[in-house]
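Participant: Construct the complete structure from the given sequences, taking the supplied hints into account.
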Amino acid sequence: GQSLEQPSEVTAVEGAIVQINCTYQTSGFYGLSWYQQHDGGAPTFLSYNALDGLEETGRFSSFLSRSDSYGYLLLQELQMKDSASYFCAVSRTKAAGNKLTFGGGTRVLVKP
Amino acid sequence: GAVVSQHPSWVICKSGTSVKIECRSLDFQATTMFWYRQFPKQSLMLMATSNEGSKATYEQGVEKDKFLINHASLTLSTLTVTSAHPEDSSFYICSVPGGIYEQYFGPGTRLTVT
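Heads up: the sequence lines are chains A and B, in that order. Throughout, this note's numbering is defined as the position within the first sequence, counted from one, plus 93. Throughout, this note's numbering is defined as the position within the second sequence, counted from one, plus 4.
Since the hints were derived computationally from the structure, they do not count as laboratory data. If you're wondering where the values come from, they're calculated on a predicted model, not measured in any experiment. Glycine included, each C-beta is placed from N, C-alpha and C at the ideal position. What you were told as hints is all true, and nothing was included just to trick you.
Far from chain B, some chain A residues (derived; all Cβ distances over 10 Å):
no.: 1; residue: V106
no.: 2; residue: V111
no.: 3; residue: Q118
no.: 4; residue: G121
no.: 5; residue: D145
no.: 6; residue: G146
no.: 7; residue: F153
no.: 8; residue: D161
no.: 9; residue: D175
no.: 10; residue: S176
no.: 11; residue: P205
Counterexamples of contact, computed for chain A against chain B with all Cβ distances above 10 Å:
no.: 12; residue: T116
no.: 13; residue: R152
no.: 14; residue: L167
no.: 15; residue: Q169
no.: 16; residue: V203
Label-pair restraints from in silico Cβ distances:
no.: 17; chain 1: B; residue 1: E91; chain 2: A; residue 2: S158; range: 38 to 44 Å
no.: 18; chain 1: B; residue 1: S22; chain 2: A; residue 2: E98; range: 32 to 38 Å
no.: 19; chain 1: A; residue 1: S162; chain 2: B; residue 2: G57; range: 33 to 39 Å
no.: 20; chain 1: A; residue 1: A109; chain 2: B; residue 2: L80; range: 40 to 46 Å
no.: 21; chain 1: B; residue 1: F32; chain 2: A; residue 2: E102; range: 31 to 37 Å
no.: 22; chain 1: A; residue 1: S176; chain 2: B; residue 2: I16; range: 24 to 30 Å
Facilitator: Printed below as a string of structure tokens:
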């Protein structure tokens with residue numbers, strides 16, 4: 094089967110740095126992406142890694158190690174609006190119409 | 005990115021009735037759309053892949069006769085929950101692929117079956 098493991102919840106204060114880890118076990122791997130979802134809202138795309146290394150997009154960075162089947166999302170300079178759920182997702186093949194398998198999600202709570 | 009709409013945004017129906025949910029890609033032609041279900045504080049579970057011009061592809065464990073999908077055009081896919089029961093109450097979200105790794109999600113439809 095396919096499995097993606099993430100911590101269920103993380104709490105941090107404004108201005109802090111949070112790292113959300115994701116380990117995956119899937120039959121086939123093409124890339125790892127990250128999505129943010131506020132309560133009651135739609136998931137929105139944050140970042141994607143197909144190759145090993147760090148991708149930086151403003152305050153958010155994402156890392157991938159294919160040999161370790163592991164990635165993480167780094168949230169820097171946390172703001173209250175970053176309180177949301179964050180999901181890692183695996184694209185298993187290029188040809189699968191980019192069908193995604195999602196992790197269980199990590200709820201991030203930012204406190205003042 | 006693509007703008008995706010869903011209608012209705014929420015619906016309450018009685019047990020045993022059917023409910024149709026629409027997903028529209030407003031500025032992007034989509035030969036493929038995805039339907040997900042999400043229970044409170046849980047992950048997105050892919051239900052099926054909607055294919056324009058052909059039958060939908062359902063994930064293992066999803067009843068195709070209960071969740072009817074019709075990809076009517078390059079901008080519209082519909083999900084009909086037939087003979088709905090309280091356990092079908094959930095948040096249903098569609099998405100449009102925007103490339104190999106990115107998907108654009110609709111705002112979701114909250115279904116409550118009483």
